[in-house]
Structure formats: structure tokens, C-alpha cells
Amino acid sequence: MRTLQTCLHCKPAYIANLRTLWTWITIIPQGMASDFSESHESHESYDVPEFSVIPSSTFEKIGYQTILDETLRLVYTASGKEQIEQTRIETDGARIDHLLQLSGEWLRCVETNPSIPLRPLDDIYPILRSCTASGSLLPPADFLTIAEHAKVARLLLAYFERSDPPVSALARYTGRLQPLRNLEKEIASKIDENATVRDDASPELKKIRTRLNREESRLRSTMQRMMKRHRDAGRTSDEGITLRNGRMVIPVQAEFKRKIDGFVHDVSSSGQTVYIEPVEALPIHNAIRQLESEQKREIERILRLLTDTVRAFRPALTSNNDQLGILDAAHARAMMGRKLGGILPEHTEKGEIRLNQAKNPILMLREGSDQVVPLDLALSPIEKALIITGPNAGGKSVAMKTIGLLHLMMQSGYPVPVADGSVLSTLSGLFLDLGDEQSIESDLSTFSSRLEWMKQTLTSATPGALLLIDEAGAGTDPEEGGALFQAFIEEMIRRNCRVIATTHHGSLKVFAHDHPNVVNGAMEFDQAHLSPTYRFRKGVPGSSYAFEIAGRLKLPESLIKRARDLLGEQRDKMGELLLALEASIQESNRVRQEADRLKSKSDEEIERVRAGMEETERKRQAILRKAYTQADQIMKTANKRIEEAVEKIMKAGQMGEHGEAGDQQMIRDAREQIQQTKQIIRQKKAEMEVRTQAGIKAEDVSVGDWVSIGEEGLPGEILELRGNQVTILVNGIKIKSSLSKLKPAKKQKGKQASTSKKQANQTGLIDFQVSVRLDVRGKRGEEAIRELSAYLDRAIAAGLKSVEIIHGIGEGILMKLVREYLAGRKEVSRFESAPSDQGGAGKTIVWL
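If you count by our numbering, then the sequence shown holds residues 205 to 1052, one letter each, in order.
Any given hint could be a false lead.
Here are the simulated SDA-like cross-link-like pairs (lysine to any residue), alpha carbons at most 25 Å apart as the crow flies [to be verified]: (1) 389 - 413; (2) 830 - 993; (3) 543 - 504; (4) 554 - 721; (5) 355 - 408; (6) 947 - 900; (7) 940 - 993; (8) 823 - 918; (9) 543 - 580; (10) 983 - 912; (11) 983 - 1019; (12) 901 - 940; (13) 355 - 367; (14) 500 - 448; (15) 951 - 1019; (16) 463 - 439; (17) 411 - 554; (18) 742 - 580.
In short, the hints are calculated from the structure, not lab data. Computed from a predicted structure; not experimentally measured.
With the hints as constraints, model all of the structure from the sequences given.
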């Protein structure tokens, strides 16, 4: 495998023309060039500037090569691997947006339906090259590879056709996938899963193999019979029947070899055993050899015909493989970003950089995400240069490299580990000077290499390039080095490039303070513990803390004092000013953090009280519902007693057993029971009216207004208003209620309202247009079960036989809650996970 670093050495001035390198390191066989040029994505030409890098080791030094190497672990196809190895850092804004959109759509697909039918595939191009010539013949295993390619292309096409919502950027490539089911079937009818030609691949082959099996069985019987005869006669050795020269033989003791008629095939090394093919087996062996020869010819004929079929599908197979490679590479980039917890940043051409909670991907891979201190940094379009100062090992270089690496990843389509609101701009090139990291030779040699880097950068850098300079001004006289790098930075700003440099030089700090397009920045340092916090702070320069760190390391105080004296009073006061400024900033941050903590605690307390009030309200509503239920039950009991009383009276009147006095007493008893029941109902209603006085007044609403009802706050439109009673339409269902149970609601969209009215007019009560699928991913357990309960009620009312519940996999908690609830619903006959190509364990199919 050729790395990007190797490829970059191929171009003068280290220009990373990776796309044209494709033609240098790939040999396209004659006859296939047209297929490749028409379909292979990486062969597209772009009339845009190429991304420039200096030096050639930039991608390796900054960590981008590591990202590519890790991405290669996530690809499934040889074509996808090729795509990643030939990655281009794009400079065209539209192309960058397209690559980011590919990653975004893959992330959404993985989230909504993780059962993606990508799988490891062998390289198909050597096979397609092998069958180019007419009359060529492929081995059986190659047909399985081709069939697997065709199957993955077909399944992937079906996967995206079911995608909800549909993809747009990925559709550019999925739309080119061609289902080759006929080719799959043809291969499956000839080759089994063990890469063997099937017995029924042709009638002739089946006939030959049937005869061959019969002759082999006859040979085994004959040899076993001969072996038994000569063993009983004491002529054979302890060995059993064995093979010599592809023929079955009997091991015979040498002194008895003339007692057995047959052909000697071998003699043991000791000369004690002779391996004889009995004369009885000779014609059978010969018949088998003849049949094997016929079988070989028939298999070759079948494979040659099958090869001709594959040749006819070469253009489609080549195109499918190219699209699979593009889709596979895009998927690998998306999964690499997902592994880093990345998102798609906002991409701009205006020169703005805004990083929120950005993390260095290389440190994340090495140390783990939790161990990496995030970087918050913002540069406006007019802030062309950033000078970062601070102590050694304080994170200056990591911050600088993080900025460069995230831009490279974004410009090649990767999600990057940043928080929402982050913005990255298109770079035209990346020029990296790591200073003393580049050389372990003398200062002169180091400085000479830096001057050579400056010279190449001045020649190659174009507007929009990013220059990363570590330890600017180092390697020579501090004053001269600082002045030289200041002049260089000024020239790069004039050329509309952006510069981020780390330094210890005070002159560059002053330069950043005075220049309108340059800003200072510092890596925060904990003065109390004399240790770096690795947090970036914009707008102020940082101290190197040389004397403070020396004191912590127990250098003699007299030595440190002498050094301060040598530094000079003015410089010492400047250092003290920086220390005081940083201490003041740290104290302000501490106060702000304490205020944030108190605010958070206050918010939590408010939320706790609010939750308690909501719980009280829920209990109140439960009591009201119970009261309504009791009243309803009492009413039913009263009605039943009335009916029983009337029936008794009527029967008594017909039969005349009780007489008039008895009838009157029975009627009085019944009336008394009825009055008591009505009194209880009136009392319950009065209690409920008191509890539900905070409703809507009749004068505040009219027909056509929207209100909400019930604990769920379901919105509905008023159809009829009579006094304190109202008829409302909720989701196509007419409900009668009192105004005391309603609350005002916002008017719904006209289309929704008209649809509800239309459905109510058509069905009378219920809207039967219920979806066969419910998605509860991302919802809390109680909310998900509440939605599931309501949905099942609608599905059962609509007469659906089966439905699909999408809950995702995650940690399995939501799936367990859903299935426990389903198990308790008597209307559910059974449920099970969806097939793997339809969602697998992330979806449950329910039969009602």
C-alpha cells in the first residue's frame, strides 16, 4: 500500500495531486479502460486548484495519515480501500459540501436502520480482467465472489430504496447500482457454496456423476472382498486398503506377491510390503478413469459457458463495483467520524474559524475521549494570524495541530469531533513548520531548514492557505528570529493567508497586540499548582513561567534571583503584569463557574418543585377519574335497580300475588332506592365540579375554536356548543365534554383541520388511516410506552393485522420496555424481531 506521504514525494514542490497519482500507480488493462473512465468516481477531473502541502511529511506529522489508516480498517471492499488510499483534500466548496452530505446521510441511515448490507468483499477487478478474452475459463471460487458482489449491490440498492427519509447525495451512486439477480441465479444453479460445480449443473454432468458414484461403490465392494480373502489367507500386512498412483491397492506381504493376480504399483521402503491392484479391480478402475475424464470435460464446458455469461455482465459488474467502492468509502469516513463522536461542522468560504469543544482526534484514539481537554477557539475573517504563547508542554502545539487536522478531515468529508455551532473554512493548502522537531542537528542547520520552508511557502502558498508554525523565531538570535518571522507573517497576511504560530518571543506578543489582523492567545496555566490546564484563552498573551517552574523544581533561589536581575526590571515587570493578568482572569473564571454552579443548583431545585407540582396534579386527575368512574358505576346500578323494580311490579300486577298494598310498598321501596342513588350522584358531581372549576367559560369560546382535552392535552375543534356542554372533534373522533374539562389551544394547520372534518364526515367517528409503523427511538421509557399504547389502540380500531415498532438497539432498555408492554396486551397475538435485512433487533413486528 502506498501511503499519502509516499505519493506526495512524487510531485515537484510537494503538491498533493493525489487524483492524478491514480494514473501513475494503477495499471488499467487494455479493453477495460473505457469501463473505468466512465464509471470510476476517482477519475473525475476537477477544474479547481489543487490542495498544496509543504513539507511532504505534513499529513503524517499532523496525524492525517493516522486517520486514513484507521479508516482503512472500516472499509469492506477493495474498491473502497482504493478510494480511501487515494483520498483527495478538496478545495472546491461544492465538492466538500457533497462529501459532508454523504457522511451525514450515512450517519442518519446507521441511526435509523443499522442493518446495512455491506460485508467484506474480495477484489473483483482481477476476475473481470481474467475473463476478458473469449473462451477464457474462471475457477468456481471466482463465480462465488462475483455472485457475492452482485448480491451486496442488490441488497444495498433495496436498503436505500426503503430509506426514510430518502437520501439525496448517496442516491447519486445508489441510482447507478444494477440488480443482477439473473446472474446470481445462474451462478447459484451451477456452483454450490463450497465452490464446487453442482451435480445438476447439467443433465450430462448429473448422468456422469451418477455412473461414477456407482462404479466407485462397486470398486470399494470389490476391494473389500479381495482384502478379506487375502487377509484370511494370511497374505496381507496390517495396513488396510490404501491408494497408490490414484488407484486403490492391497498391501501384500512380499513373499505372497505371486499368489495374487494383479498390478504392482509400489513397494514399501523396507521391501516387506508390495501394493497390488487386483486384476478384478482393473476394469473398474479404468471405467472410473474414463468417467472422471468425461466429468472434467463437462465441468470445463459448464465453467466456460458460465464465464461467457459473466463476460456479458462485465460493464454492469464494473459499474456496480465502482459505486460500491464510493459508497463503502463514504460509509467508512462516516463511521470513523462516528467513532470520534464527530458531527458535521458548518462549512464556509468566508474565512471564519469557530471551534466549540473541539478535540484532537489523534489524542482521542490514543488516550480516549474523556482524557482529552477540548479546545474552544474562534477567529473572525479579519483575524488572519494567531500567536499562541504559554509554557512548554502546555498544549500550544496540540492546539495548533488540532486546527489543521480538523480542516483536513472536513475537506475530505469526515465528521469531526466538535460541538454544535462549530465553523470551518476551506483551505487552499497547509504549510507546516514544526521547528526544532524537524531536526536534531545544530541550530544553524535547523534555522537553515526553516528558511528553506519559508522560501517554498512564499513560492507555493495561495490565498486561503493555512500556515502552522511551531516555535516561531527559534533556532537563531531571538531578536533577529522574531523580526524575521514577524516580517514573514506580515507578508502572508498581505497574501490573504492565515497563520497560527506558537512562540516564546515577547516581540511577537507585542506584534500581535499592535497589528489589527493579529490576535494573541495563550494556553492557561494553573499558577497555584504550576501545572498546565491545556485550555486555550484568546485575547491575552501567556507567560512561559520559566522562573516559576524553576522554583518548583527546587533550583537554588539565588540562581533564580540572579536570572531575574539579568532579565531586567522592565522585562520582569512585564512578566509580573502577565502573571497578575492571568491570575485575575482565572479568578474571574472561578467566580463565573461558581455562579454557573449555583444557577444550575437553583434550576434543579425549581425543576424538582415543578415536578412535585406536576405529580400532585397527576394525583388530582387520578382522583377525579376515579370519582367519575364511581359515579358512572352508581348510575348503572341505579338504572339496573329501576329496571328490576319495574319488572317486579309488572310481574306482580300480572300474577296478582301481592295485592295492591304489596304493590304500593314495592313501588315506594324502589323510589326510595332511586332517590338515594340520585342523591349520591348529585353529591359526587358537585364535588367534581368544585375540583374542575378552572376550565373554559362559555362566553370565551365559539364553534370553530380550538381547545385541548384530557391529561395528554389532545387538540380538538369545537363542532357544537350547548350551554356548558360542547362537542369537539379530536383526531376524527367526536367527543362530548363539559367546558370545565377543556383548555384553550392554538389553532391547528388548515390542512389538518379540514382533513379531520372530512374524515369525521366520511367515517362518522374514527380516522382509520393509521400507519403500519411507529418510531419511538430517542424517547424516554414512559413517553414511549404512552405513545405505543395509544398507537396500538388506533391500529386495533383500524383493523390492522400487523404493525412495526422501531425502537433501535442501543443498550436494549427501550426494546425491553416495549416488549414487556406488548406481552401484557391481550390484543397482541405474538411479536418477534424483524429480519436482519429489515432492521433486525432494532425493530419488532407485532401481530394483532
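Here's how the hints hold up against the structure:
Of the supplied pair hints, the one linking residue 389 and residue 413 holds, its CA atoms being roughly 23 Å apart against a limit of 25 Å. Restraint check for residue 830 and residue 993: satisfied, since their Cα atoms lie roughly 20 Å apart, inside the 25 Å limit. Pair hint residue 543 plus residue 504 does not hold up; C-alpha atoms about 48 Å apart against a cutoff of 25 Å. Under the criterion of a C-alpha separation no larger than 25 Å, the hint pairing residue 554 with residue 721 is consistent with the structure, at around 15 Å.
Between residue 355 and residue 408 the alpha-carbon distance is near 29 Å, which puts this suggested pair outside the 25 Å criterion. A hinted pair counts as satisfied when its Cα atoms are at most 25 Å apart, and residue 947 with residue 900 qualifies at roughly 6 Å. Taking the CA atoms of residue 940 and residue 993, the gap is near 23 Å; set against the 25 Å cutoff, the hint holds. With a C-alpha separation of about 19 Å, the suggested pair residue 823 and residue 918 falls inside the 25 Å cut-off, and the hint holds.
At most 25 Å may separate the alpha-carbon atoms for a hinted pair to count; residue 543 and residue 580 meet this at roughly 21 Å. For the proposed pair residue 983 and residue 912, the alpha carbon gap of about 23 Å is at most 25 Å, so the pair holds. A hinted pair counts as satisfied when its Cα atoms are at most 25 Å apart, and residue 983 with residue 1019 qualifies at roughly 12 Å. Between residue 901 and residue 940 the CA atoms are separated by roughly 16 Å; this keeps the pair inside 25 Å, and the hint holds.
For the proposed pair residue 355 and residue 367, the alpha carbon gap of about 18 Å is at most 25 Å, so the pair holds. For the proposed pair residue 500 and residue 448, the alpha carbon gap of about 21 Å is at most 25 Å, so the pair holds. This hinted pair does not check out: residue 951 and residue 1019 have alpha carbons roughly 36 Å apart, beyond 25 Å. Of the supplied pair hints, the one linking residue 463 and residue 439 holds, its CA atoms being roughly 9 Å apart against a limit of 25 Å.
Taken as a hint, the residue 411 and residue 554 pair is broken in the structure, with Cα atoms around 75 Å apart against an allowance of 25 Å. The straight-line distance between the Cα atoms of residue 742 and residue 580 is roughly 9 Å, inside the 25 Å bound, and the hint therefore holds.
In this structure, the earlier hints numbered 3, 5, 15, 17 are contradicted, and the remaining ones agree with it.
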